[in-house]
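Participant: If you read the sequences in order, they're chains A and B.
Residues 1 to 277, numbered by the numbering used here, are exactly what the first sequence covers, in order.
Residues 1 to 421, numbered by the numbering used here, are exactly what the second sequence covers, in order.
Hints were generated in silico from the structure; no laboratory data involved.
Keep in mind that the hints are not guaranteed to be accurate.
If you want the ones that stay clear, here's a sample from chain A, every Cβ over 10 angstroms from chain B, calculated [to be verified]:
#1 H20
#2 A91
#3 N101
#4 G105
#5 A124
#6 S144
#7 A178
#8 E185
#9 A228
With the C-beta cut set under 8 angstroms, the calculated list includes, among others, these residues of chain B facing chain A [stated by the list, open to error]:
#10 A203
#11 T205
#12 Q208
#13 R218
#14 L220
#15 R282
#16 A284
#17 Y290
#18 A291
#19 G293
#20 A302
#21 G362
#22 R365
Where is the CB? At the ideal position from N, CA and C, for every residue including glycine.
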Amino acid sequence: MNGTPTLEIRGLNKSFGPVHVLRDVDFTIHAGQVTALVGDNGAGKSTLVKCIGGIYPMDSGQCIFEGRPVTVNHPKDAARLGIEIVHQDLALCDNLNIVENMFLGRERRSGIVLDELTMERRAAETLASLSVRTVISVRQQVASLSGGQRQTVAIAKAVLWNNKVVILDEPTAALGVAQTAQVLELVRRLADNGLAVILISHNMNDVFAVSDHIAALYLGRMAAQVPATEVTHAQVVELITSGHSGPLGLQSQQKAGSPEGSDDLDLVTDPGKGAQR
Amino acid sequence: MKATLQTTRPRASATGQPETLRDYLRDYVARLRGGEMGALPAVIMLVFLCTFFGIARPPFLTALNFANLFTQGAAVTVIAMGLVFVLLLGEIDLSAGFASGVCASVLAVLLVNHQWPWYAAIGAAIVTGACIGLVLGVLVAKLGIPSFVVTLAAFLAFQGIALLLIDNGTNISITDKAILLIDSSGKVVPWIGWTLCTVVITAFTALQVMRRRSRVRRGLQAVPPSVITIRVLTLAGLLGASVYALNLDRSVNPLLASQRGIPFIVVIVGVLFVFWTFVLNRTAYGRHVYAVGGNREAARRAGINVDRIRISVFVICSTMAAVGGIIAASRDNSVDPNTGGSNVLLYAVGAAVIGGTSLFGGKGRIIDAVLGGAVVAVINNGMGLMMYSPGQKFIVTGSVLLLAATIDAISRRRASAAGLR
Numbered sequence: 001m002n003g004t005p006t007l008e009i010r011g012l013n014k015s016f017g018p019v020h021v022l023r024d025v026d027f028t029i030h031a032g033q034v035t036a037l038v039g040d041n042g043a044g045k046s047t048l049v050k051c052i053g054g055i056y057p058m059d060s061g062q063c064i065f066e067g068r069p070v071t072v073n074h075p076k077d078a079a080r081l082g083i084e085i086v087h088q089d090l091a092l093c094d095n096l097n098i099v100e101n102m103f104l105g106r107e108r109r110s111g112i113v114l115d116e117l118t119m120e121r122r123a124a125e126t127l128a129s130l131s132v133r134t135v136i137s138v139r140q141q142v143a144s145l146s147g148g149q150r151q152t153v154a155i156a157k158a159v160l161w162n163n164k165v166v167i168l169d170e171p172t173a174a175l176g177v178a179q180t181a182q183v184l185e186l187v188r189r190l191a192d193n194g195l196a197v198i199l200i201s202h203n204m205n206d207v208f209a210v211s212d213h214i215a216a217l218y219l220g221r222m223a224a225q226v227p228a229t230e231v232t233h234a235q236v237v238e239l240i241t242s243g244h245s246g247p248l249g250l251q252s253q254q255k256a257g258s259p260e261g262s263d264d265l266d267l268v269t270d271p272g273k274g275a276q277r
Numbered sequence: 001m002k003a004t005l006q007t008t009r010p011r012a013s014a015t016g017q018p019e020t021l022r023d024y025l026r027d028y029v030a031r032l033r034g035g036e037m038g039a040l041p042a043v044i045m046l047v048f049l050c051t052f053f054g055i056a057r058p059p060f061l062t063a064l065n066f067a068n069l070f071t072q073g074a075a076v077t078v079i080a081m082g083l084v085f086v087l088l089l090g091e092i093d094l095s096a097g098f099a100s101g102v103c104a105s106v107l108a109v110l111l112v113n114h115q116w117p118w119y120a121a122i123g124a125a126i127v128t129g130a131c132i133g134l135v136l137g138v139l140v141a142k143l144g145i146p147s148f149v150v151t152l153a154a155f156l157a158f159q160g161i162a163l164l165l166i167d168n169g170t171n172i173s174i175t176d177k178a179i180l181l182i183d184s185s186g187k188v189v190p191w192i193g194w195t196l197c198t199v200v201i202t203a204f205t206a207l208q209v210m211r212r213r214s215r216v217r218r219g220l221q222a223v224p225p226s227v228i229t230i231r232v233l234t235l236a237g238l239l240g241a242s243v244y245a246l247n248l249d250r251s252v253n254p255l256l257a258s259q260r261g262i263p264f265i266v267v268i269v270g271v272l273f274v275f276w277t278f279v280l281n282r283t284a285y286g287r288h289v290y291a292v293g294g295n296r297e298a299a300r301r302a303g304i305n306v307d308r309i310r311i312s313v314f315v316i317c318s319t320m321a322a323v324g325g326i327i328a329a330s331r332d333n334s335v336d337p338n339t340g341g342s343n344v345l346l347y348a349v350g351a352a353v354i355g356g357t358s359l360f361g362g363k364g365r366i367i368d369a370v371l372g373g374a375v376v377a378v379i380n381n382g383m384g385l386m387m388y389s390p391g392q393k394f395i396v397t398g399s400v401l402l403l404a405a406t407i408d409a410i411s412r413r414r415a416s417a418a419g420l421r
């Protein structure tokens, strides 16, 4: 961990009504590194990234972007800072081709006419910079792509706009073995190209395959954020399921300190998810 | 073995070498198999119908009848062009027919009862259309009422408005020369017709060649020259033959009055076709229409103002319906409360769908409306010549619409089976 973090969250609290979803969460990500965000269902992973992405406003806490404090209250604020979330359901239009999807909403124009050539060129360059070889032609319709290729296009779309932080929400959840490998390779390459990457995943193999750091959330608290090389598979599982593992993680008095917390945190999943709709 | 090699290796063109005709044909066949039928069904239907009617009824193939096809089909084709926009979003506008009737009534009342000049009356009719579309669009997009219900209600209400506007069912006859030129008496002088034809072919060729050049220069995949040649020759052949046929004297009694030249309406439909195709294919607005039709949520997340797009397509549809109403008024030399009524709407929806526009949204082009409109016009005209009763015409047109919708549904299923959708 050297240099200024790209993004630092300090003491983030977020409640939905009476439900305290995130408690004093600290979270740091660095450029050029993949930070895996793990935790059980309802631990608050989605809420955390949605706070970062400006979809939910924070109740309290600080957000420091490249060394200066910022407020992110709207997805547009996040977009202006260069934070992009690649959602699980991809948000691609089946009836448009790869170039059209990558530039959707931000088309290049000369006059009122679309500048297809520049867009096609830049899309091809972006895919090439990520060493994508699975896509035959950028003029292919997205409908004809496989799950892995679609994920590739969604990620490349995030890269195209010179973003600094890319948040990937379970990018490999629906993919087969070979495609998962391709996407993970791509995730690694994003970080190698200098982006700060947050990877949400349930799959420990994926997490250990590409991450530099692992941050484990447990019932709305940050149990630990540690370099991936310093923990074992079993320790991470323990952090996810019980919030601590030996000297790592939340110590028992911290957990015991808020007995009422664990009560209402059991309800986290439903109201949290309900509020998204 | 060879096939697998070809699918896995990136095509030569990706590295800047031009595609060959064979690559191009293979892509086309693959698209057909995957359910992307494009204009093919409509073209096949058109060729089949023309051959059938030509053999069964030789007068079908005369110059007079050829010109009639254009004047008869124009109103439906123009309304169908507007409907393509609405259908692209997966919505429907059932009121387009009577909206054209209301706009035609506005035109007739202002022209005849209030002695407005023709251009002001046309302007008022078109503005009426745009306002109708705005109201429909706001009801659908902002209040969230299904377009089916909104436009069904409008279908009834507009019928009433047309009746009220022209005094409960009298017939206003139109004598204004300028209006009659549109789809009745207007013809282009033969040599100007040939000049127009040459200009169109030259412009098309130049556009294709220039596009190919700039793509090749930037090292992008480009259409092979052989395909451009085929396209240009096809267009030149079709246009040349049509202009030649339309420039023949088609008067029943040539000694009394000569009748030759391209009907004005062909030029009008041509200009509308080029304009809307440009809007859909070459502007950000058109791209956003396709995006909203393909995946509304994705479009919203991309920062597209989805409500504005949804309202705008209804405005375009009703405005085009107004143009269709003006054309119908010109052709009939009159407006009555049934203008734009009975089968006009179903013919227009049928034209768009027969041409290949999907009822499920996201897929459609302006040329679909033109080709489908031609199919509808040919069926109507040919069956009329064969002395079929209106009842039989309705049944056949209904069946053709059903056939087109079936092709649409099946090609979707094929596409999803092939993993394309």
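Participant: Run every hint past the structure and note whether it holds.
Facilitator: Outcome of the hint check:
| no. | hint | verdict |
| --- | --- | --- |
| 1 | H20 | 29 angstroms, holds |
| 2 | A91 | 4 angstroms, violated |
| 3 | N101 | 8 angstroms, violated |
| 4 | G105 | 3 angstroms, violated |
| 5 | A124 | 8 angstroms, violated |
| 6 | S144 | 5 angstroms, violated |
| 7 | A178 | 13 angstroms, holds |
| 8 | E185 | 18 angstroms, holds |
| 9 | A228 | 31 angstroms, holds |
| 10 | A203 | 15 angstroms, violated |
| 11 | T205 | 19 angstroms, violated |
| 12 | Q208 | 14 angstroms, violated |
| 13 | R218 | 5 angstroms, holds |
| 14 | L220 | 6 angstroms, holds |
| 15 | R282 | 5 angstroms, holds |
| 16 | A284 | 4 angstroms, holds |
| 17 | Y290 | 6 angstroms, holds |
| 18 | A291 | 5 angstroms, holds |
| 19 | G293 | 7 angstroms, holds |
| 20 | A302 | 3 angstroms, holds |
| 21 | G362 | 4 angstroms, holds |
| 22 | R365 | 12 angstroms, violated |
Checked against the numbered hints given earlier, this structure breaks hints 2, 3, 4, 5, 6, 10, 11, 12, 22; the rest are met.
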